[in-house]
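Protein chains in written order, with my numbering: chain A, 1 to 313; chain B, 1 to 245.
Rather than coming from a laboratory, the hints here were simulated on the basis of the structure.
Don't be surprised by glycine CBs; every beta carbon is placed ideally from N, CA and C.
Warning: the hint list may mix true and false statements.
Covered by chain B, according to a simulated footprint, are these stretches of chain A (three or more residues, beta-carbon under 8 Å) [claimed, not checked]:
| no. | stretch |
| --- | --- |
| 1 | 46-53 |
| 2 | 68-81 |
| 3 | 102-110 |
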Amino acid sequence: MPVLSVTELCKRYRNGTLANDRISLAVEPGEVYGLLGPNGAGKTTLVRQVLGLLKPTSGSIHVDGVDVVADPGYARRTIGFLPQGMMTQETIHVDEWIYGIGKLRGLPGAEAHQRTNELIEQLDLGPFRKTKMAAASGGVRRLAGFATAVVGGARFLVLDEPTNDIDPVRRQLLWNLLMAQRQRGTTVLLVTHNLAEAERVIDRFAIVDQGRILREGTPAALRSLVTERLRLELTMAGAFEPHPALQPDEGMPGSFLFQPSDLASVSAWLQAQREAGRLLDFRIGPPTLDDIYTHTVGGTKSNGAAAVLGAAK
Amino acid sequence: MTFLRQYRDLVQLSWRSYRDFALMIGIVNIGFGVGLVLGFGYVIPDIPEATAMFLVTGAATQMIVTVGIVGLPQVIAQAKNEGRLDYYFTLPISREAYLLAQVTFVLMQSLPALALALVFGAWNYGFSLDMDPLIVLVVPLGVLSLAGLGVAVAVISPHVQLTNAFTQLAIFYVLFFAPVILPKEQLPLVLRHVADFLPPTYVADGIRATTTNLPDTHVWRSMAAMAGFGVGSFALAAAAVRRRG
Numbered sequence: 001m002p003v004l005s006v007t008e009l010c011k012r013y014r015n016g017t018l019a020n021d022r023i024s025l026a027v028e029p030g031e032v033y034g035l036l037g038p039n040g041a042g043k044t045t046l047v048r049q050v051l052g053l054l055k056p057t058s059g060s061i062h063v064d065g066v067d068v069v070a071d072p073g074y075a076r077r078t079i080g081f082l083p084q085g086m087m088t089q090e091t092i093h094v095d096e097w098i099y100g101i102g103k104l105r106g107l108p109g110a111e112a113h114q115r116t117n118e119l120i121e122q123l124d125l126g127p128f129r130k131t132k133m134a135a136a137s138g139g140v141r142r143l144a145g146f147a148t149a150v151v152g153g154a155r156f157l158v159l160d161e162p163t164n165d166i167d168p169v170r171r172q173l174l175w176n177l178l179m180a181q182r183q184r185g186t187t188v189l190l191v192t193h194n195l196a197e198a199e200r201v202i203d204r205f206a207i208v209d210q211g212r213i214l215r216e217g218t219p220a221a222l223r224s225l226v227t228e229r230l231r232l233e234l235t236m237a238g239a240f241e242p243h244p245a246l247q248p249d250e251g252m253p254g255s256f257l258f259q260p261s262d263l264a265s266v267s268a269w270l271q272a273q274r275e276a277g278r279l280l281d282f283r284i285g286p287p288t289l290d291d292i293y294t295h296t297v298g299g300t301k302s303n304g305a306a307a308v309l310g311a312a313k
Numbered sequence: 001m002t003f004l005r006q007y008r009d010l011v012q013l014s015w016r017s018y019r020d021f022a023l024m025i026g027i028v029n030i031g032f033g034v035g036l037v038l039g040f041g042y043v044i045p046d047i048p049e050a051t052a053m054f055l056v057t058g059a060a061t062q063m064i065v066t067v068g069i070v071g072l073p074q075v076i077a078q079a080k081n082e083g084r085l086d087y088y089f090t091l092p093i094s095r096e097a098y099l100l101a102q103v104t105f106v107l108m109q110s111l112p113a114l115a116l117a118l119v120f121g122a123w124n125y126g127f128s129l130d131m132d133p134l135i136v137l138v139v140p141l142g143v144l145s146l147a148g149l150g151v152a153v154a155v156i157s158p159h160v161q162l163t164n165a166f167t168q169l170a171i172f173y174v175l176f177f178a179p180v181i182l183p184k185e186q187l188p189l190v191l192r193h194v195a196d197f198l199p200p201t202y203v204a205d206g207i208r209a210t211t212t213n214l215p216d217t218h219v220w221r222s223m224a225a226m227a228g229f230g231v232g233s234f235a236l237a238a239a240a241v242r243r244r245g
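Just chain A, same shape as in the assembly (with noise of 0.2 Å):
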């Protein structure tokens, strides 16, 4: 059984906007599933309908099979949530916070002590436990409102951009914290637009724009919807003639695309381009997940996205 299932769901505010247009899509046990989109696309609608914060027009939302439109006591019982919003809670101490929330969540006070504790030494906010959160950075705040996501021992998570200012490093812990998590079996909706990061964790994930799923599915498989040429990525020191196979990506400046069946010519004049002093950095790989979400979407990357699909097709 699904542990998020929603179907045909559809939210039309007062004000006539339609927010999600029969929006389907179920949540497999143990699985982090991705909703990408831009701004305005449905997917915030989407999650406060989830958390029984809105309720739908019509269409139905079950959490492990439980109706939570009727019941939306179940989903916050059920769900550990971070919201987007950075919420400011002032002259409360880092550890405060995220035992006082741990404390919320049900768990006596010894218990969300340990919790604290060890959320504390897993996020690396050691140095700030007592740090009060308004004075705290964006990515500290970001963290231990992780922690608070997390501190209950919640079996279905909701993270919305959990990893917006946060500095590389305490990232990786965050998202080492949350595969730790998911072997344990929780499950995880994770709304982000930080699609090259999404990328190493998700399991599937769906593009929503306009109120509506435009794609569904596993990173690999949406990724050969778009092409099946390599992207070479380089620093150059000053200007440089291109192999001819490159093919500039105009979207995405120091950006080329090129045919797999020319990695090896491309590698010798990289090779030579080296050894002239006149490359810096390089790096090849397939399309990202920006490629798919821009081909799908539209918008400012468009004509990147047009050189993709072009090469697709």
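With the hints as your guide, set chain B onto chain A.
Structure of chain B alone, referenced to chain A:
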């Protein structure tokens, strides 16, 4: 038991979240209460004792009313504006416990001011307080009789400025058009009838009945009325916070 434990934890969380400001607000409230009492002496020199009692207890009532329809709506409106209200409502807690915790937190910031306004007023105008132990029920009942209305306005109001405008209007009414600072007999007939249907009238009556020996006060009647308003207004507030858009 769960409700009480959540209520206690929520009061603790509110206190820890705003302890520095709570102290400052408490001090400002003391200045407000004592200043109001002191100011009456400048407006009316050589105040007769009964008038002084009426005005001082009116100032104390004003403190209670302020908790319910100014302090509380502002706390809730701010929480709503910053997304905290929604966040708390995603937790497995009773929303009524959350509301009651906020009422308690705001009241904690006003209790010292309320007590000092009474004590300072009695000392300054040379009368004795005639304290009834029922004051410990009158004060929370007085706050609760108004709190629900304040919460409902804060939750339903689409903008924090609209909430503030309402609270100012409510204070304006209590200061000049209700039998709180002014004797009922001085109000126009229509306002006397309006006053019968609004909580501040009974809060003032209850405070006077439990702190002074002023005639024509009714402790049980005022408590019953405040309890009635409290149940009604809390039901209104509970409905407002249970509403899903």
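Right, here's what the structure says about each hint:
Closer than 8 Å: that is the beta-carbon criterion, and the stretch 46-53 of chain A has 4 residues meeting it against chain B, so the requirement of 3 holds. Look at the stretch 68-81 of chain A against chain B: 6 of its residues bring a Cβ nearer than 8 Å to a Cβ of that chain, three or more, so the hint holds. Counting residues of the stretch 102-110 of chain A whose beta-carbon sits less than 8 Å from any beta-carbon of chain B gives 4, enough to reach three: the coverage restraint holds.
Figure legend: structure checked against the earlier numbered hints; every hint is met.
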